[in-house]
Amino acid sequence: MLKTFPIGGIHPPELKLTTNSPIRQLPIPQNISIPVAQHIGTPATVIVKKGDSVKTGQLIASVNGFVSTNIHSSVSGTVNKVDTILDTTGYRQTAIYIDVTGDEWIDSIDRTPDLVRECNLTAEELTKKCLEAGIVGLGGATFPSHVKLTIPKGKKCNILIINGVECEPYLTSDHRLMLEKGEEILVGITILMKALSVDKTMIGIENNKKDAIEHLSRLSTNYKGITVHALKVKYPQGAEKQLIKALINREVPSGHLPVDVGAVVHNVGTAFAVYEAVQKNKPLFERVVTITGKSLSNPGNFLVRIGTPVKSLIEAAGGLPEDTGKIINGGPMMGKALNSVDVPVVKGTSGIIVFPEKESKRDEVKPCIRCAKCISACALNLEPFLLAALSEKGLFERAEHERITDCMECGSCSYTCPASRPLLDYIRLGKSTVIRMARQRNIK
Amino acid sequence: MSNQLNISPSPHIHGKETTEKLMYGVVIALIPAFIASVYFFGTGALIVTATSVISCIAFEYLIQRFILKKPVSITDGSALVTGLLLALNLPSNIPVLMIVTGSLVAIGIAKMTFGGLGNNPFNPALVGRVFMLISFPVQMTTWPVPSGFKTGYIDAATGATPLAIIKEGLKNGESLSQLMEKVPTTINMILGNMGGSIGEVSALALLIGFVYMIYKKIITWHIPVSVIGSLAVFTSILWIIDPVSNAGPGFHILSGGLLLGAIFMATDYVTSPMNPKAMIIYGCGIGLLTAIIRIWGAYPEGVSFAILIMNAFVPLMNAYIKPGRFGEEVKHG
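As given, the protein sequences belong to chains A and B, one line each in that order.
By the count of my numbering, the first sequence reaches residue 444 at its end, each step adding exactly one.
By the count of my numbering, the second sequence reaches residue 1333 at its end, each step adding exactly one.
For the record, the hints were derived by calculation from the structure and aren't laboratory data.
From a predicted model like this one, the values you see are computed outputs, not experimental measurements.
Every residue gets a Cβ at the ideal spot worked out from N, C-alpha and C, and that includes glycine.
Warning: the hint list may mix true and false statements.
Chain B residues, not near chain A, derived (Cβ > 10 Å throughout) [what the hints assert, rightly or not]:
| id | residue |
| --- | --- |
| 1 | 1011 |
| 2 | 1038 |
| 3 | 1058 |
| 4 | 1100 |
| 5 | 1117 |
| 6 | 1135 |
| 7 | 1179 |
| 8 | 1180 |
| 9 | 1221 |
| 10 | 1251 |
| 11 | 1285 |
Stretch by stretch, here's where chain B covers chain A in the computed footprint (C-beta under 8 Å, at least three residues) [to be verified]:
| id | segment |
| --- | --- |
| 12 | 245–254 |
| 13 | 317–328 |
| 14 | 360–366 |
| 15 | 370–382 |
| 16 | 424–431 |
Sequences are here, hints too, so could you generate the full structure?
Printed below as a string of structure tokens:
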């Protein structure tokens, strides 16, 4: 029996169209725009101005506060302007526009392909390196990694969990990375283990990536304390709390963090970025992005410089098809629909999915027949139909009592609902209102 | 590219399940029971089913179109399911106009008055059936014996159901062992060769439907198993205590409307609880009430009443019996 989380979950069609397409370098575009808020927390402070020339890997916006991180230039060229830009979330934010000339990297980066295993830095130094390199969680949450590596006082971490689940349909960037950069990921993991001072790591990978499981299992025999575990294919297994439950059967209490049960979770992409930052002195300015969709002529996985417009990525995949109805940043379950192809790729962009018109509209909403399929689908055993109904009616106190804030917005309820009810839309509304109410209560 | 991209919140994909598919899935699951009813009761079963289905759909259409003046949703299959379930709960020689009346009560009163699909507290088909049972007690308890296509409609040969044979016999002071000789053999009870409502007689056909619905994930096991299980446990206890005057669990499960009720009526989405814990309590309630009504009540059969009574508790159960949330208590593995 393969391991998995016990409650709820769904199995949408996997549609991993780009599994066998190796990672290719996307050509650097003429102009790029790098937002200063690509992470959860305070936006970074811009430290360049119009007319400055920058090199690839140079710091252009610096960390501002504890939960924040550095932003580096992903190209060499001249700063055109510092202005606002519409980002992947649909909001405007500050970005640094750079006109590209050549590709000149800062000298400190080791550009050789050689694997470097030895690492003599202390835990503090490693954590500092992650901050300097601007590493954030690359699974999509973009939480600054140095914060996660700083264990709060009085808490103890005894296991590192590496998330190679990639449970969202379509996406294959982590899968390709595991196949092509296995050794680097494992060295990255040993660095993370050192930074956290744990001696045990479990890598969780869903069983639809058998080649990656086999590859990493074989490599991991050379690394002490690292084991690879095949997981049953079930969404949302890549959710931190579900992955912890699946692998080590610990249940993170509501409102708490994984470290409260002694675990820290990092994505495989993050482990690779940590390797590059620590062993190669390379800041996080490029990442693997899956560009996919049934209607694209040439879908694939690309190594993309941060700040590259989504447009360039779509061109590389064969251009935008005539009948395109929707473009999604991220996976189809939790990703956000884009309203423009000019938005830049950011640290959290794991994939871009192009949907044809006929698949981009929702079905007609029917009455709830109380079939309870949303309850069966909820990985947290909440009652989505009830939370949605309470939010719709404005009964937020009751929604709070029914633990609406536990919802991680995985979308399994809306996906499952036979009546196509927009359950998650209402739950989001209720959840944000409840969080606001709770904040106001705390102020009083 | 089209100039306008569609923007909507996630998720951007939707499962294949629809209300229609679930409803027609129930209809498919009822096909074996329907075939058995036609096999055993012939034209009568066909007339009863056709009348019930047509009038249920017609009443839903008329009410939505002319009284509520809302979009008509008869194609969603829910009126069809109600019509089928009502038919399968009726004897094969019941006058047609009574079926029409029962359908009106089921759709008009039990379903549409409360706001239509998804809002009715009581199972519409059962409300219709119980209304008919109370209004037309003679016709509703006159059971043609299985005779295939050989007999006419109204003047079919009739006989008592196994439950009625036991109930009446015990009242008249006959011993259970004598009575058990009068009831159909176990194999006939499994196949459905006995008197009763057209759809309730064949345990085999109903179980095929049950397996289909579980396989297709239309229902979960919780309600049917707890109904049947609790009835079996309760009647076993009585049977062990006093085997002379109490029939065994096997007889109770195979007779009357227990299987039809447990598999198809009690599992109605709208009127049953929504989480497994509450489902089991609800199912056990139905099983126990059925046994109590059968053994000590005025009627030989009590499944319909038991389900309707438990329907009334569903809002309460949904409000107070909650699934154990993830992360509710700290568990260290």
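### Query
In ascending order, which of the hints set out earlier in this document are inconsistent with the structure?
1 and 5
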